[in-house]
Amino acid sequence: EAGVVQSPRYKIIEKKQPVAFWCNPISGHNTLYWYLQNLGQGPELLIRYENEEAVDDSQLPKDRFSAERLKGVDSTLKIQPAELGDSAVYLCASGTGTDTNTGELFFGEGSRLTVL
Amino acid sequence: QKEVEQNSGPLSVPEGAIASLNCTYSDRGSQSFFWYRQYSGKSPELIMSIYSNGDKEDGRFTAQLNKASQYVSLLIRDSQPSDSATYLCAPYDSWGKLQFGAGTQVVVTP
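Here the protein sequences line up with chains Z and Y, keeping their order. The working numbering numbers the first residue of the first sequence as -19 and each following residue consecutively. The working numbering numbers the first residue of the second sequence as 80 and each following residue consecutively.
Where hints are given, some of them may not hold.
Calculated lysine to aspartate or glutamate pairs in the EDC-like style (CA-CA distance at most 16 Å, straight line) [unchecked claim]:
1. Y:K146 with Y:D134
2. Y:K121 with Z:E48
3. Y:K176 with Z:E84
4. Y:K81 with Z:E24
5. Z:K51 with Z:D66
Calculated directly from the structure, the hints in this document are not laboratory data. All of these numbers come straight from a predicted model, not from anything done at the bench.
So here's chain Y without its partners, still in its complex pose:
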């Protein structure tokens, strides 16, 4: 079992719609959770962090965390073609290591 599971996609989303990305993790001791965005051929960049159960909004992005279910998600509202990228879920595990999922590829179609 992988420590961080994400649907690989591609997730095709019409421009202006909401993209919903899901992530589950195996380490119950994980306390901090991060979403990185990686454009094709580029390096990852941090876009969201969440530490407490519930929702956290930042612009068009909303992160949701449910530690009891070991589930974290990312919503992208009003999706734009520039949002087309791979989104990596990355929880910090009990040993202080940032574990990356394989990522979900998002394709926003005009």
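Okay, chain Z solo, but in the shape it has when bound:
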């Protein structure tokens, strides 16, 4: 069974440029999460989807970040314009919908963003 797939794995951009990350969750998983992880820190939730509905986006900086999950499968996370402080690893995770009980999220390999 394929895991959570993210792309690109690495991205280097100059500040003020836009960037987009793509995530394909495990087939059949209806919950999808985008996390941000800085070096030496734990993942921080940006947005959580249940199917195509964003049920928690309270931590998403909406002035520059946007996300969508059309048809309740793939998702994209966009930053426009990027700032130096956005340099981090962006992790996508998916769950079966019972993950609020099991706590089991399946993470992709992440997209490492460097903003110059």
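Could you slot chain Y onto chain Z? The hints should help.
Same frame as chain Z, but now just chain Y:
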């Protein structure tokens, strides 16, 4: 005050010894607690879950929970070099959000 506190380490453990990792959390409404392992440059993976006060054993791992003290721990017995990783404590808070600590880096020395 951070919602989830862990010692950052690194925690150096001789091979074969017991590694003891501690975690405290601020949300008294948290009911479910999880430990994730993250190898360097890799993504986190779930290794243990605990829901009730007391101990829960799974192979060489034992999770311990004390809700009154808002404390959860992870013991790794017979530590192996393959256990060298960062261990993230993650309670579910009252709002149904999985909160990750900053993690404790464990280094198992041969």
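Going through the hints against the structure:
no.: 1; hint: Y:K146 with Y:D134; verdict: holds (12 Å)
no.: 2; hint: Y:K121 with Z:E48; verdict: violated (25 Å)
no.: 3; hint: Y:K176 with Z:E84; verdict: holds (12 Å)
no.: 4; hint: Y:K81 with Z:E24; verdict: holds (12 Å)
no.: 5; hint: Z:K51 with Z:D66; verdict: violated (28 Å)
In the structure shown, a violation is registered for the earlier hints numbered 2 and 5, in ascending order.
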